[in-house]
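Q: One-letter residues, chain by chain:
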Amino acid sequence: MSQDIAVLGVGMHPWGKWGRNFSEYGVYAAREALKDAGIPWQDVQFVSGAATMRCGYPGYVAGATIAQALGWQGAQVNTSYAACASGSQALAAARAKILAGECEVALVVGADTTPKGFLAPAKGFRPEDPDWLRFYLGITNPTYFALYARRRMDLYGDTEEDFGLVKIKNSENGFTNPNARYKKKFTMEEILNSAMVADPLRLLQICATSDGGAAMIVSSMEYAKRIGKANAVKVAAVSTVTPTFASAVVEMPDIATDSAAAAGVEAHSFRAALPKKAYEQAGIGPEDVSLAEVYDLSSALELDWYEDLMLCPRGEAAQMVREGATKLGGRLPVNTSGGLACFGEAVPAQAIAQVCELTWQLRGQAGERQIANAKVGITANQGLFGHGSSVILKK
Amino acid sequence: MNNKPVQAAIEGWFTLDTDTPHLIGACCEKCGTYYFPKTLSFCKNPACDSTTFNEVELSRQGKIWSYTNACYKPPEPFVADEPFVPYAIAAVELEKEQMIILGQVVKGVDVDQMKVGKTATLVLETLHEDDDAIKVTWKWQPIAQGESA
Ligand SMILES: [Zn+2]
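For the record, the sequence lines run as chains A and B. Going by my numbering, the letters in the first sequence line up with residues 1 to 395, in that order. Going by my numbering, the letters in the second sequence line up with residues 1 to 149, in that order.
No lab work stands behind these hints, which were simulated from the structure alone. The C-beta atom is built at its ideal place from N, Cα and C for all residues, glycine as well. Hints are not guaranteed to be accurate.
[Unchecked claim] For the chain B half of the interface with chain A, some residues (derived, Cβ under 7 Å), not all of them:
id : residue
1  : Glu29
2  : Phe42
3  : Pro46
4  : Tyr67
5  : Thr68
6  : Pro74
7  : Pro77
8  : Phe78
9  : Ile101
10 : Val116
11 : Thr119
[To be verified] Anything over 12 Å on all C-beta distances counts as not near chain B; from chain A, calculated:
id : residue
12 : Arg54
13 : Gln76
14 : Cys84
15 : Glu102
16 : Arg150
17 : Lys183
18 : Ala195
19 : Asp199
20 : Met221
21 : Ala272
22 : Lys276
23 : Gly283
24 : Gly285
25 : Asp288
26 : Glu316
27 : Arg363
Taking the hints into account, I'd like the entire structure generated from these sequences.
A: Given below as structure tokens:
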């Protein structure tokens, strides 16, 4: 039996910083996706929402909040929370329900409103909470991205300019994307003159947080055929695996890795495990990939993803960006949407937004960002506490 | 001269021995997995169901896995000097324990004095002061080639 489901429609609310209620962005994106799918809201049988932790109770039950805002119509409902992978987790729930025959058509939706200023942990003296502890010791989010970036420089000879090339590429891609928040083409000079945040990463190489919303209408292949959309783009894999003990890399918010001292225990890279499972599920290999959308929380992290997705051997990602292989028009474009560099992270919407971009590219509807001959696309992201995801779309 | 008593910023996480401080971790009695901070409940090795651990002092020396610095003042609960003084951070890999531990780097050492693979030693240094005490924490001290610990 085919494990594919059809993507009938996708839609986004542009990313920005307005501070409006998150459900407004979610409803807007959902209506766009419904319009794109050409089906009425009443036909949706399952609403799969991605939760936001920053908008109070309505955010914890985002699926229901957005279903109510669209008008209660008796659909089954679910809300997923999995940090940065929440959107993929919501897609995985819809896919499972469709493949189990429990529903034919589902709405997957995520939206967020981000507070102003620093994301700081709750107050009190709470050293048992690793997220509290690391801030007390002076270790913030950019610390982790900078450690990974610096390791690339010392081990592989990557340079600040290489990371700058990633930022320039993404800023050029996002420039014409109507859903991107930052539309400015940066020069190497501007990037390398922006303030150092955590050496070697500068302000223009670290992503911001944004408001935004993204949605998809997905269905069984049977349903897609019935409504004349047998040729819809398909979801071929959704990987949401956990890490495998022991962690090889010190991950946010931890102060230490697992120990790999016990007999039979090896250190494993979590990032690399995510696409591996997706390739397995889809029966597709890295050699089949036409484009990728990856989580560029920093410009340097995008290079780690090239290697984790097996688009090049370990240590050779900078060479790909130097050659222009991952630019629009290159042999393997990455972050054609502009990536987090141009969007800023809207946590529960971001993994869905990655899939929206792949859908437009595979359909040939990406406008000025369109790449030639897109047949297979892959997404990858990683968040806190052992959550991450990788989704494969195919024609 | 500052006569405030010296206290551990986080009690029980390291020995307050000024010359040769150690991080205090745990080691699973059954499989030998190390923990920092110390875990004394359930072993996290998926192949091990142990609930018994020994408290152990972790190695004081390791190799730098990576390093960076903090150019901006972190939010609370970090207690910053006024004016804020940037500091370096290192992730150090302990060979015996096969784990990487993060920490600030001693004052006065920045990223240009570090390199992946270079040796670093654990020392104690002030994290911040409050009205009653000087709160110290573990920090990493990179060691130049040929220098002794
Ligand atoms: Zn054990």
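Q: Next, verify each hint and record whether it holds.
A: Hints, verified against the model:
With a cut of 7 Å, the hint placing Glu29(B) at the interface with chain A is violated, because the nearest CB-to-CB distance is about 12 Å. With a least beta-carbon distance of about 12 Å to chain A, the hint placing Phe42(B) at the interface is violated under the 7 Å criterion. With its C-beta approaching chain A no nearer than about 5 Å, Pro46(B) sits inside the 7 Å limit, and its interface hint holds. With a least beta-carbon distance of about 6 Å to chain A, the hint placing Tyr67(B) at the interface is held under the 7 Å criterion.
Interface restraint check for Thr68(B): the shortest CB-CB distance to chain A comes to about 4 Å, inside 7 Å, so the restraint holds. Given the 7 Å rule on beta carbons, the hint for Pro74(B) holds: about 5 Å separates it from the nearest Cβ of chain A. Nearest Cβ of chain A to the Cβ of Pro77(B): about 5 Å, under the 7 Å cut. The hint holds. Taken as an interface hint, Phe78(B) checks out: its beta carbon lies about 5 Å from the nearest beta carbon of chain A, inside 7 Å.
Hint status for Ile101(B): holds, given a least beta-carbon distance of 5 Å to chain A, under 7 Å. This hint holds: Val116(B) has a C-beta 4 Å from the nearest C-beta of chain A, less than the 7 Å allowed. Because the closest C-beta pair between Thr119(B) and chain A is about 15 Å apart, greater than 7 Å, the hint is violated. With a least CB separation of 15 Å from chain B, Arg54(A) remains clear of the 12 Å interface cut-off, as annotated.
Non-interface status of Gln76(A) relative to chain B is upheld: no Cβ of that chain comes within 12 Å, the nearest being about 34 Å off. Residue placement check: Cys84(A) keeps its beta carbon more than 12 Å from all beta carbons of chain B (closest about 20 Å). Listed as a non-interface residue, Glu102(A) keeps its Cβ farther than 12 Å from every Cβ of chain B; the least gap is roughly 31 Å. Listed as outside the interface, Arg150(A) is inconsistent with that label: its C-beta sits roughly 5 Å from the nearest C-beta of chain B, within the 12 Å cut-off.
Listed as a non-interface residue, Lys183(A) keeps its Cβ farther than 12 Å from every Cβ of chain B; the least gap is roughly 26 Å. Listed as a non-interface residue, Ala195(A) fails to keep its Cβ farther than 12 Å from every Cβ of chain B; the least gap is roughly 7 Å. Not every beta carbon of chain B lies more than 12 Å from that of Asp199(A), the smallest distance being close to 5 Å; the non-interface claim is violated. For Met221(A), the condition that its CB be more than 12 Å from all CB atoms of chain B holds, with the nearest at approximately 37 Å.
Here Ala272(A) stays apart from chain B, with its beta-carbon at least about 17 Å from theirs, past the 12 Å limit. With a least CB separation of 18 Å from chain B, Lys276(A) remains clear of the 12 Å interface cut-off, as annotated. In this structure Gly283(A) is separated from chain B by more than 12 Å, as the shortest Cβ-Cβ distance comes to about 27 Å. Listed as outside the interface, Gly285(A) is consistent with that label: its C-beta sits roughly 28 Å from the nearest C-beta of chain B, beyond the 12 Å cut-off.
With a least beta-carbon separation of about 32 Å from chain B, Asp288(A) lies farther than 12 Å from that chain, consistent with its non-interface assignment. Distance check for Glu316(A) against chain B: the nearest CB is about 18 Å away, which clears 12 Å, and the non-interface claim stands. Annotated as non-interface, Arg363(A) keeps its C-beta farther than 12 Å from every C-beta of chain B; the closest such distance is 41 Å.
Checked against the numbered hints listed earlier, the structure breaks hints 1, 2, 11, 16, 18, 19; every other hint is satisfied.
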